[in-house]
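Novice: Chain by chain, the residues:
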Amino acid sequence: MNETPDDASETDNPEQAFASVVALRLMADRLERKAVAEALAQGWSWARIAQALGVSKQAAHKRLSSVTPTIKT
Amino acid sequence: MNETPDDASETDNPEQAFASVVALRLMADRLERKAVAEALAQGWSWARIAQALGVSKQAAHKRLSSVTPTIKT
Amino acid sequence: MLKKLTQTFRDMGTIKTLCEAAEQIANAEHQPAPGAEHFVLAALELPDGSAARVFRKLGISAGAFREALRDVHRAALMAAGVNAEDVAGSERDVPPLPRPSGPYNAAPSGEAVLNGLAALRKRGVTGPLIGAHVLEVVSAMQHGPSAHAFARLGRDAPTVMAAIQSEMAMAA
Amino acid sequence: MLKKLTQTFRDMGTIKTLCEAAEQIANAEHQPAPGAEHFVLAALELPDGSAARVFRKLGISAGAFREALRDVHRAALMAAGVNAEDVAGSERDVPPLPRPSGPYNAAPSGEAVLNGLAALRKRGVTGPLIGAHVLEVVSAMQHGPSAHAFARLGRDAPTVMAAIQSEMAMAA
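Residue numbers (the working numbering), protein chains in the order written: chain F, 1 to 73; chain A, 1 to 73; chain D, 1 to 172; chain E, 1 to 172.
Don't read these hints as lab results, they were simulated from the structure. Note that beta-carbon positions come from the ideal geometry of N, C-alpha and C, so glycine has one too. There may be inaccurate statements among the hints.
[Said to hold, decoys possible] No farther apart than 30 angstroms at their CA atoms in a straight line, the calculated lysine-lysine pairs in the BS3-like style are these:
no.	chain 1	residue 1	chain 2	residue 2
1	A	Lys-57	E	Lys-122
2	E	Lys-16	A	Lys-57
3	F	Lys-62	A	Lys-62
4	E	Lys-16	F	Lys-62
5	D	Lys-57	F	Lys-57
6	A	Lys-62	F	Lys-57
7	A	Lys-62	D	Lys-122
8	E	Lys-16	E	Lys-57
9	A	Lys-57	F	Lys-62
[Said to hold, decoys possible] Residues of chain F clear of chain D, computed beta-carbon distances all greater than 12 angstroms:
no.	residue
10	Ala-50
11	Gln-51
12	Ala-59
13	Ser-65
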């Protein structure tokens with residue numbers, strides 16, 4: 001009884017719309033890790049990173065402290 | 001000492017990249033509320049909504065139960 | 001002591017007005033908790049009028065700042081590769097957030113504003129809390145939507161700070 | 001009693017293998033907690049071989065399913081208006097997640113898989129836990145990436161369920 005995800009316009013198809021929401025959040029998570037790596041490589045502090053993300057310094061550090069600076073090639 | 005947000009390529013500009021992350025999350029939040037309104041109008045249960053969003057039923061209900069079904073015009 | 005208490009009471013009223021306005025403004029943008037930028041817009045509505053005077057000095061309006069915030073959001077989505085049509089579509093017909101209930105909840109940048117206002121007192125700032133203080137605290141933030149919105153309106157941080165200092169000097 | 005205990009012990013080993021593999025697969029996709037779709041991919045690697053046999057019956061490979069999951073993600077972003085170049089860019093050079101530590105943490109859909117496996121026992125399913133059980137639980141989920149990936153590969157839910165039932169009948 002699955003509906004196929006691509007058979008209706010975006011607004012009328014909750015199935016597709018929910019999939020987009022999930023995908024946008026995953027994309028944001030990935031871009032966030034990439035941006036943190038670049039920011040650290042440019043010498044940003046965690047306080048700056050947190051401010052740019054609109055989160056607390058604790059939240060930023062807890063979620064993202066495993067990211068290491070991008071190595072320039 | 002603010003950097004202007006638009007003066008470098010996306011990958012090299014953490015300022016712009018972080019702004020995109022924040023904006024994508026807000027966009028996802030908005031699309032989510034729209035999708036829930038449409039899903040409820042189509043008779044979806046909260047269990048289905050939660051499954052489509054990949055969250056627990058409790059989390060979906062807590063965050064989104066204020067949404068009312070889209071009224072068809 | 002009485003004076004200090006009165007001061008605190010008066011500030012409490014201002015803080016309450018500020019926080020509630022910021023929350024309403026954030027909610028209207030589908031954000032459950034107000035950030036620093038919503039406190040800026042709320043400060044512009046405070047009856048003391050100081051924040052509004054700073055904006056007049058800068059030659060910008062509350063409406064222009066609000067629109068610049070939206071433009072910043074849209075530009076950030078487009079920088080991530082989202083096309084303009086879907087950016088616009090994402091803002092249309094969004095079901096409203098519920099009326100706030102329970103304890104007051106600001107976003108982290110909004111909390112930073114409230115902490116910054118408290119810190120002004122510790123730094124010896126006297127007199128009642130005014131809207132310009134909110135602008136002072138927010139303009140010290142290097143990142144976030146407010147900095148981007150001011151930049152988008154062509155007002156860099158030193159320019160904004162100078163206008164705030166000028167208003168403060170007049171008020172003192 | 002001894003038999004039941006042994007059964008439980010054997011299942012614990014299988015569950016541990018399954019959970020750790022699902023976590024590794026999720027992490028490789030930059031997702032900290034495994035969802036149902038990562039349990040499917042993990043089930044395909046279980047030594048009992050039953051999930052892999054179901055896939056062979058369906059005429060699809062683990063690699064094709066994995067690629068279909070990625071396609072589903074990309075199509076969902078493009079449906080939201082993100083252009084293909086930025087979709088692809090978002091997947092490149094993402095810093096890896098840290099090695100998991102602390103208590104095991106599945107995403108809600110992954111938890112639903114584990115609960116579904118426990119529920120099989122209550123429904124009287126006997127014998128050791130096998131990969132096909134994981135497919136059975138996940139294929140009963142109407143929504144989520146796995147349903148979309150199967151649909152994308154042209155295998156609708158009844159077809160998937162029939163292949164699982166056929167494998168179960170052979171195993172019994």
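Novice: Could you work out which of the previously given hints the structure breaks and list their numbers from low to high?
Specialist: The structure conflicts with hints 5, 7, 10, 11, 12, although it agrees with all the remaining ones.
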